[in-house]
Every structure is written in C-alpha cells, then in structure tokens.
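Please arrange chain B on chain A, whose structure you already have, making use of the hints.
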Amino acid sequence: MNDMTHPSVFDVARIREDFPILKQTIRGKPLVFLDSAASAQKPRVVIDAMVHAMETQYANIHRGLHWMSERTTEAYEAARDAAATLMNANDRSEIVFTGNSTGAINLLAHSYGRGVLKRGQAVVISDMEHHSNIVPWQLLRDAHGIELRVAPITDAGELDMVAFEALLQDGKVGLVAITHMSNVLGSITPAERIVKIAHAHGAKVMFDGSQAIVHRKIDVRALDCDFYVWTGHKLYGPTGIGVLWGRRELLERMPPFMGGGDMISSVTYEQSTWAAVPHKFEAGTPAILEGIGLKAAIDYVQAIGYDAMAAHEASLTEHALARLAGVEGVRVLGQAQDRGGVISFTMEKAHAHDVATLLDRQGIAVRAGHHCAEPLMRRMHVDSTARASFGVYTTHAEIDALADGLIRVRDFFQ
Amino acid sequence: MTQTDDFDDLRDLYQEVILDHGRRPRHAVRLEAFDATAKGDNPMCGDRLQVWLKFKTDAIDRVGFEARGCAISVASADLMAETVQGRGKTDTRALFAAFREMARTGACPACDAALTEPLERLAPLAGVHEYPSRVKCATLPWHALIAALDGAKEASSE
Chain A
42 MNDMTHPSVF
52 DVARIREDFP
62 ILKQTIRGKP
72 LVFLDSAASA
82 QKPRVVIDAM
92 VHAMETQYAN
102 IHRGLHWMSE
112 RTTEAYEAAR
122 DAAATLMNAN
132 DRSEIVFTGN
142 STGAINLLAH
152 SYGRGVLKRG
162 QAVVISDMEH
172 HSNIVPWQLL
182 RDAHGIELRV
192 APITDAGELD
202 MVAFEALLQD
212 GKVGLVAITH
222 MSNVLGSITP
232 AERIVKIAHA
242 HGAKVMFDGS
252 QAIVHRKIDV
262 RALDCDFYVW
272 TGHKLYGPTG
282 IGVLWGRREL
292 LERMPPFMGG
302 GDMISSVTYE
312 QSTWAAVPHK
322 FEAGTPAILE
332 GIGLKAAIDY
342 VQAIGYDAMA
352 AHEASLTEHA
362 LARLAGVEGV
372 RVLGQAQDRG
382 GVISFTMEKA
392 HAHDVATLLD
402 RQGIAVRAGH
412 HCAEPLMRRM
422 HVDSTARASF
432 GVYTTHAEID
442 ALADGLIRVR
452 DFFQ
Chain B
2 MTQTDDFDDL
12 RDLYQEVILD
22 HGRRPRHAVR
32 LEAFDATAKG
42 DNPMCGDRLQ
52 VWLKFKTDAI
62 DRVGFEARGC
72 AISVASADLM
82 AETVQGRGKT
92 DTRALFAAFR
102 EMARTGACPA
112 CDAALTEPLE
122 RLAPLAGVHE
132 YPSRVKCATL
142 PWHALIAALD
152 GAKEASSE
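Protein sequence lines, in the order shown, are assigned to chains A and B. The opening position of the first sequence corresponds to residue 42 in this note's numbering, with each subsequent residue numbered one higher. The opening position of the second sequence corresponds to residue 2 in this note's numbering, with each subsequent residue numbered one higher.
Next comes chain A alone, as it looks inside the complex (with noise of 0.2 angstroms):
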C-alpha cells in the first residue's frame, strides 16, 4: 500500500506546513522545537478561526439579542460540544471552561473540597504531580481539615500500585487526585486500574490530564472517572481557556466556585439563584475568542486522528531513547512502560541550565528547570532537568539535531 491509499500513513512534512511558526531560524538555524509540554505552536486554522472571529462577527456572548452576538454564541458554545465529543461526555453540560488545567483544579478544590467533601475526609495525590495538582490540595487542606495524602511512585516513575491502594484502606479518601501522564517523566499512569481502585474504596477520581490528552484518546466514559481536567494551548490552541469535565450529577451537587455574571439565575438583594451546570461555575465574560480557537484546535487533531498522533509520537519517543542512550553521560529520568513523548534527562559534568542554553545557541528549544514539580525533582534526586517534548510536528530529524546538539555540549564541557 501507498502514501496516497493508506490515510494512517504520518506525513510530518504536510502537518508542519500547518504551523506557520516552524518556517522561522532561530540565531540563524532552523527552529527545533522541542517544547511542546510546556505549550504547544499553533495551527493556522486556530490562528485564522480567531482572527476570522474577531474581523467579521466578535461581540459578547450568552445575552446579546443581535447578530453578532448570536453568531458568536453559536461558535464559542461550538467549542463546548467539540470538548464533549473530544472526551466522550454524556452531555454538553458537563464541560465546564476555566482559564487553565489550573483554574480547573483550583475550581474542583473549592468547590468540591469545601462543599462535598467533610472535615477529616482525605484527598490523595502522587509523587508526580505538577504544583498546580499539589497546592489547590494543600490550601483545601490548611482552610477546610482535609487531609493530603501522597501516593509514591517506583524508581522507574511509575505509581506504586500497592502502596496507592494502602492509602485508600481506611475509607477516608474522598477524592483520588492524579496526574494521567506526567509533565517531567511522560509515564502515563493506569487509568482505568486506579478508578477500579478509588471506586471500590469509595472514593471518586479526578485525572489531570494536561499532558495526556495531547498524546492519547480520552474517553472519560470508558475510563469511568469522575473529574477529568486539561487545557487547551498544550493541546495546540490558544491559551487561557481550559476544560473541567465533571459527571453531571457531581457537578449539581457542587456550589459555586466564583460569583458574577453569567452564572446566575436570578439575583436579588436577599439571595440569588444559580445558573444550571456548566454555566453555574462560569462567572463573568469568558474567553470568547480561546473558545472559537479552542474548537479549530480540537478540530485539527480528530481530523489528524489520536490513532495517528500517539503512533507518530511513540515512534519519536522510542528513537529519542535510544538516540539518548547513546550520548554519553546523559542520563533519563523514569523508565516507565507505558509513556508518552515527554522525556527529561541530566548530563553529567553540566547544569540543566547549560545544557538548555548550549543548545539554544543551536536553535533547539527544550525546557530545563524543576518543570514545575518539585516534590517529585527530590523524589527523583536532582535539583532540575532538561526536558525534549514532542508534538505532531516533531519530527525524528529534530531527535537526531538534540542528539547531535547533547554531543557537542558534552565535548564543550569536557
């Protein structure tokens, strides 16, 4: 079978003439760009999508009685059936936008923390969480009585099964709060294994899934979880606009999180009444335009297809492993099974931060730093990383340049 009959067939050089931004040299080199995880490029028909919005029908949305307003109406709520489909949500009503992955969580830990879950209850989160699914819990935690606990994860990066199903023993667990694909060690945790567990213990199970859904098909239905969160400018659209996706009847049960506009049913001097789910936790204009841009990012990547995007970026993965392994005094952190294209790595003899800078003479952009997750940098014993994340555009000519490029930084230091 040919290119031309075999649609599954990954053509990187047709997906990179989507995004404009690859075209640039950086210091003058061609741009390699390895810090997807971090936030994604963007497609021209995001760029377009919004920009098209703004030129022809932009006005504000939910209330208006004129033209443009509807019209915009009808594109943002757009997004809100995308995002559904996306997860495969039973109803577009359980999408509720937020500014971030962030905003989401912070969203479920007031509201869920402080008006579902009691006093004395726990919340359990990993050894490898980002800090924005570690502090929301802390201040829920310091404000509300709820006890914090932290699954540990193997030396190999992955969640310690045994000891996560210890933790939620005692029945006290309310909520199991984990990463479903970690932003420094890309290993993807068992999803459906932990609902089974966290169910069965009665508790329910939010999955943050920033890195996960760039690089997998979510389906929350099948996963059977109960919160599942992410944002959209990792998933190549714009920033500012992030998905909380929560079972309808929780979402109810949930009092609101911010008060404001849009989010009301009626209001009066004595009490107010709130607005039915999603649009109870959205107060205030939302991102009008990240929304329009959000459901042309969500178009791109069904259209590309998860099948394709997860074979193309395992292929990356496997030859950025091995390429890696093969520089050396380089070492790569977690060595889990399952794992997506996130990998962060330390060279012996030079700093993360050299390291990032020295390649960046060269035109190849990674990320180092403690990427956000400080409890699992001392869980790992390292002070920070440098980190190669890939995205559908990636391509195993840019694995070949952060190789070459590790090299030269290694012989520079020598």
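To be clear, the hints were calculated from the coordinates, so they are not data collected in a lab. Some clues are possibly wrong.
Derived lysine-lysine pairs resembling DSS-like cross-links, with alpha carbons at most 25 angstroms apart [what the hints assert, rightly or not]: (1) Lys40/B / Lys55/B; (2) Lys55/B / Lys390/A; (3) Lys40/B / Lys90/B; (4) Lys40/B / Lys390/A; (5) Lys237/A / Lys213/A; (6) Lys137/B / Lys40/B.
Stretch by stretch, here's where chain A covers chain B in the computed footprint (C-beta under 8 angstroms, at least three residues) [unchecked claim]: (7) 39 to 48; (8) 76 to 88.
Ideal placement from N, C-alpha and C gives every residue a C-beta, glycine not left out.
Here is chain B on its own, set in the frame of chain A:
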C-alpha cells in the same frame, strides 16, 4: 566532526574563564570562622547558594561559598569572591551596583573609573545580558553577598 569543532557559536556566553571557574571554583568552601553568612535562592530554576564572609575591620577579608547551580552561577560566585576579597564594604556595594548594570546591559558606561579594574575581572560575565533568563544566575551570588553584609539571612529576590 567534534574533533575540529571550535565551538565558536557557543563561546559568547561561556568563555573559557567561565568554564574554568565553573568547573574548578577556587573559593567554593564553607568558612569555619566567619562573621556573616546568607543564602541565595532562585525559586524559578532551583539554584541555591550560601555565602560566608570574614571581615577585617571594615573590609571583606575572606569569602567562601557553596553552590548548587549552573556554570554561570558558580563561576560568578567564584569571580565575585576573588574580586571582593580585600575590598571595603562600601566599595563592594558600589561594585555590586556596577556589576548588576553590566549583567543587565552588557556595560556600565556611567560607572566610577575606580571600578574599572574590578569590573574588567568580572567582564567575562557581561555576555549574560543577551540571555534575560540567565541574568539572575550571575547576580544571585551577589544578592547573597549583599544580604550577608546587611545582616540578613536570605537574599531578597529581585
């Protein structure tokens, strides 16, 4: 290829002096007898360092430090120690202001002529001004030094 690689494109920031002091710092010791000490911490990147000072009347007699950080921060701490030993406290504060200006802009045209000689010693670090995210790496040791002079335990972040 690497045998003939002269690394010219990598040298603007990482000059030989910086690599040398980053790799083999001369003053990376914890002083047993000291008059002041302070820590510096860059929470954005995880760099940590502590500076110990021994005074002789109104001058800095000895500087020691311990650092966990990049080559730039270690080299900067070492060059700082080398440059301020034997220097008066007031003079050291003036030198810090001049160095900070140089790290941010690449030069210090308005600086006092009396600072020309010590600034020249620190000049290999002037390249950081082209890397806004790395300026702090170079200035962190100085913030800890000034905190120690002020009697503070920790450097305040910029």
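Structure-inconsistent hints, enumerated in ascending order:
2, 8
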